[in-house]
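Visitor: Each chain, written out:
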Amino acid sequence: MNKSTTTRQIRLERRSPSHWRVTFDLPPLNIFGPHEVPKLETIIKSIETDERVKVVVFDSAIEGVFLTHYDFLAKLEETTSLPLGATGLQPLPDMLARLSRAPVVSIASIRGRATGVGSELALASDLRFASREKAILSQWEVGAGLVPGGGPMARLPRLMGRGRALEVLLGAHDIDGDLAQLYGYVNRSLPDSELDGFVDALAMRIASFDKLAIADTKRLVDIASLPSDAEIEPEWVGHSGLCLCPVPLQQGRTGCGRSGLRGHRSVRGAAVAW
Amino acid sequence: MNKSTTTRQIRLERRSPSHWRVTFDLPPLNIFGPHEVPKLETIIKSIETDERVKVVVFDSAIEGVFLTHYDFLAKLEETTSLPLGATGLQPLPDMLARLSRAPVVSIASIRGRATGVGSELALASDLRFASREKAILSQWEVGAGLVPGGGPMARLPRLMGRGRALEVLLGAHDIDGDLAQLYGYVNRSLPDSELDGFVDALAMRIASFDKLAIADTKRLVDIASLPSDAEIEPEWVGHSGLCLCPVPLQQGRTGCGRSGLRGHRSVRGAAVAW
Amino acid sequence: MNKSTTTRQIRLERRSPSHWRVTFDLPPLNIFGPHEVPKLETIIKSIETDERVKVVVFDSAIEGVFLTHYDFLAKLEETTSLPLGATGLQPLPDMLARLSRAPVVSIASIRGRATGVGSELALASDLRFASREKAILSQWEVGAGLVPGGGPMARLPRLMGRGRALEVLLGAHDIDGDLAQLYGYVNRSLPDSELDGFVDALAMRIASFDKLAIADTKRLVDIASLPSDAEIEPEWVGHSGLCLCPVPLQQGRTGCGRSGLRGHRSVRGAAVAW
Numbered sequence: 003m004n005k006s007t008t009t010r011q012i013r014l015e016r017r018s019p020s021h022w023r024v025t026f027d028l029p030p031l032n033i034f035g036p037h038e039v040p041k042l043e044t045i046i047k048s049i050e051t052d053e054r055v056k057v058v059v060f061d062s063a064i065e066g067v068f069l070t071h072y073d074f075l076a077k078l079e080e081t082t083s084l085p086l087g088a089t090g091l092q093p094l095p096d097m098l099a100r101l102s103r104a105p106v107v108s109i110a111s112i113r114g115r116a117t118g119v120g121s122e123l124a125l126a127s128d129l130r131f132a133s134r135e136k137a138i139l140s141q142w143e144v145g146a147g148l149v150p151g152g153g154p155m156a157r158l159p160r161l162m163g164r165g166r167a168l169e170v171l172l173g174a175h176d177i178d179g180d181l182a183q184l185y186g187y188v189n190r191s192l193p194d195s196e197l198d199g200f201v202d203a204l205a206m207r208i209a210s211f212d213k214l215a216i217a218d219t220k221r222l223v224d225i226a227s228l229p230s231d232a233e234i235e236p237e238w239v240g241h242s243g244l245c246l247c248p249v250p251l252q253q254g255r256t257g258c259g260r261s262g263l264r265g266h267r268s269v270r271g272a273a274v275a276w
Numbered sequence: 003m004n005k006s007t008t009t010r011q012i013r014l015e016r017r018s019p020s021h022w023r024v025t026f027d028l029p030p031l032n033i034f035g036p037h038e039v040p041k042l043e044t045i046i047k048s049i050e051t052d053e054r055v056k057v058v059v060f061d062s063a064i065e066g067v068f069l070t071h072y073d074f075l076a077k078l079e080e081t082t083s084l085p086l087g088a089t090g091l092q093p094l095p096d097m098l099a100r101l102s103r104a105p106v107v108s109i110a111s112i113r114g115r116a117t118g119v120g121s122e123l124a125l126a127s128d129l130r131f132a133s134r135e136k137a138i139l140s141q142w143e144v145g146a147g148l149v150p151g152g153g154p155m156a157r158l159p160r161l162m163g164r165g166r167a168l169e170v171l172l173g174a175h176d177i178d179g180d181l182a183q184l185y186g187y188v189n190r191s192l193p194d195s196e197l198d199g200f201v202d203a204l205a206m207r208i209a210s211f212d213k214l215a216i217a218d219t220k221r222l223v224d225i226a227s228l229p230s231d232a233e234i235e236p237e238w239v240g241h242s243g244l245c246l247c248p249v250p251l252q253q254g255r256t257g258c259g260r261s262g263l264r265g266h267r268s269v270r271g272a273a274v275a276w
Numbered sequence: 003m004n005k006s007t008t009t010r011q012i013r014l015e016r017r018s019p020s021h022w023r024v025t026f027d028l029p030p031l032n033i034f035g036p037h038e039v040p041k042l043e044t045i046i047k048s049i050e051t052d053e054r055v056k057v058v059v060f061d062s063a064i065e066g067v068f069l070t071h072y073d074f075l076a077k078l079e080e081t082t083s084l085p086l087g088a089t090g091l092q093p094l095p096d097m098l099a100r101l102s103r104a105p106v107v108s109i110a111s112i113r114g115r116a117t118g119v120g121s122e123l124a125l126a127s128d129l130r131f132a133s134r135e136k137a138i139l140s141q142w143e144v145g146a147g148l149v150p151g152g153g154p155m156a157r158l159p160r161l162m163g164r165g166r167a168l169e170v171l172l173g174a175h176d177i178d179g180d181l182a183q184l185y186g187y188v189n190r191s192l193p194d195s196e197l198d199g200f201v202d203a204l205a206m207r208i209a210s211f212d213k214l215a216i217a218d219t220k221r222l223v224d225i226a227s228l229p230s231d232a233e234i235e236p237e238w239v240g241h242s243g244l245c246l247c248p249v250p251l252q253q254g255r256t257g258c259g260r261s262g263l264r265g266h267r268s269v270r271g272a273a274v275a276w
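Protein chains in written order, with our numbering: chain A, 3 to 276; chain B, 3 to 276; chain C, 3 to 276.
Chain A with its partners taken away, still in its complex shape (with noise of 0.2 angstroms):
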């Protein structure tokens, strides 16, 4: 382990015992790999049992980055020995998902770039606020022959309408903070000078109110507007694509040639990405 990984870390801060925030540094562009997944599942538990807690806000000590992209550097045997989640999902759909049905209000502050699983976990927060000015989200699997893997067909349809969906996920582009808004990506765009005043006060404001009004509320929310477990679960069929490469390829093929990333093609024909 070297001295990057060893400072590579995911800080878990209680301002309050009900208003918390888990801050992504890991230097040096906050790319999320398997040494990750079980400091964020300890997290996540955290925040699904703990009694006082009632808002987390998830933000980056990185500059010009929130949370990128799954790392696909890491050997494959560190993701793959990693166990199925509570869910049943594989570990990190399970942690988003049990991220979004937690009574705990979650709050993602995007600045800098919020790409693949920065994107998902974003997604998979309640609200969402970025930066006009630094924020920038993307989910560029397709532009890589790729399909995101964390949820995003499930959440971005439901949050824009499918026209605009289909657009972030097939023209694979930057969007910025002001467009993210527009389109109902993030709840809104704020000066960057103001990000972090307005999410502290309504994360304190939040942290104020009764934790049974909170989680009552939530959870009759969910009923209309969460993707159930069984819909995510198919953007995670080609997991073991990513895990047993090469294997056998439709139409011949065993990797997706234009990005490199060969191998990252799954027996059933689904590319799948973090």
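Mixed in with the good hints there might be a few duds.
In silico lysine-lysine, DSS-like type, Cα no more than 30 angstroms apart, as pairs [to be verified]:
no. : chain 1 : residue 1 : chain 2 : residue 2
1   : A       : 136       : A       : 41
2   : B       : 213       : C       : 47
3   : B       : 77        : B       : 213
4   : A       : 41        : A       : 77
5   : B       : 41        : A       : 213
6   : C       : 136       : A       : 77
7   : C       : 47        : C       : 77
8   : B       : 136       : B       : 41
9   : A       : 213       : A       : 41
Per label pair, the in silico range of CB-to-CB distance [stated by the list, open to error]:
no. : chain 1 : residue 1 : chain 2 : residue 2 : range
10  : C       : 89        : B       : 200       : 49 to 55 angstroms
11  : C       : 210       : B       : 17        : 54 to 60 angstroms
12  : A       : 15        : B       : 44        : 53 to 59 angstroms
13  : C       : 86        : A       : 25        : 55 to 61 angstroms
14  : C       : 76        : B       : 103       : 34 to 40 angstroms
15  : C       : 225       : B       : 11        : 48 to 54 angstroms
16  : C       : 88        : A       : 88        : 51 to 57 angstroms
17  : A       : 14        : C       : 225       : 31 to 37 angstroms
Some residues of chain C that are not near chain B, with every Cβ distance over 12 angstroms (derived) [what the hints assert, rightly or not]:
no. : residue
18  : 12
19  : 18
20  : 50
21  : 100
22  : 105
23  : 148
24  : 194
25  : 207
26  : 237
The set of hints was computed from the structure by calculation and includes no laboratory data. Cβ atoms here follow ideal geometry from the backbone N, Cα and C, with glycine treated the same way.
We have chain A; now place chains B and C onto it with these hints.
Guide: Below, chains B and C without anything else, positioned relative to chain A:
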């Protein structure tokens, strides 16, 4: 019955056989209480059954308010003695569900505060237009330790997506006209000086159309977009808690202490407020 | 067949094997009629089955119009003699449903009026971009005493929520580019001078991506966002009314008197128009 009660009314004006106006004139603050339930029910029944009415506009005669919350100061027996509605739901959600399904176009013209029942009536209406300068929408209930009960957890996410709906409900803050337009809480916000003219012109336009074409089109839109009564009903499981408190509570509590509204916690642990 | 009929065409241009353009050139006003049904069906079949096409752009060669309504002046037999489509739906909704499900990205580039069939084709396309100055979208049918028949009651509320969808359908008014963007009727409105360049660049970008990744991603988005054929079909129950009128009608009527389109009222009381 004191003077202010005797002058409180919900006025139904037939501007033409096909174009009706319903005006809340409940001084001092358009607080909706048990005395108003049968008055509104009579109007809803007329809207449902009249063969000529095609469009009905809801507005207010009180400066600064559209329609606000349920009257918590009324005697509980006045509410509990009201019969269930035709849908089997409690009287208020019953009327709102019936309004949404009526073969008539309902338009909320929002000037001033539309909070609690006011927001819920607006959400149950087909179209919503707001004064840019004077409209304030809010579901404030979670801020008082309560859960909204008139359908907003079912209706808000269908209008604006889960993230913005959770912000409205769990942030429990005031939403002005332009933010309401951005979020899709209203169709549009308009300069206050233009609101009445715009709504009148639209209502008269729709009133000139064929009633059967209106009704058939609305019914087909409802397939994709209207929550079922079964989805709205759980928001009201706590209604008996509202009426029959104090009752045994989850976690040993007998009320929502913060708001001082002791007893507004149901046997099933859901705090419910209109 | 007169001269204007012989020069009416729907042009398919293969800009590259993966990037196609379909241009409506049906003078004088891009009115879509029974002669165009088999022409468009042939194109839709090519889009569905070609192994290399990844993106198809729909646009117009006629100044001032994108694509407008169905040709009510054509002989009814020309429409009624057309066979049902592969989905079992009537020919036009059949083609639109198949376009939405094709493993290809469809983009409507809207300059001029997109009304009736034009709006419905745009709504069935995956992405929609509009000229800010020149696009006009409208479902005008209710204003003529008819019910739209090509899927907008299923598709509009999923894009923009129930309230705005009901305004579009029951207000039956013209929607310009910026309002269409605000409502989510289109992905974005762009300055007219930028529309073509923007759409071309996006189409070429998508055409450079992996076809299987595009198709898999689109299919997963469709789970959450695409109406079923069963939901679209009731919009067409009145089709026999369109073709076999005059027929016995509800309420003793034999047509929608206001529009003068006598006979366009079905036996089940639903007036239907393309």
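Visitor: For which of the previously enumerated hints does the structure constitute a violation, in increasing order of number?
Guide: Per hint list: 2, 3, 5, 6, 10, 16, 23, 26 violated.
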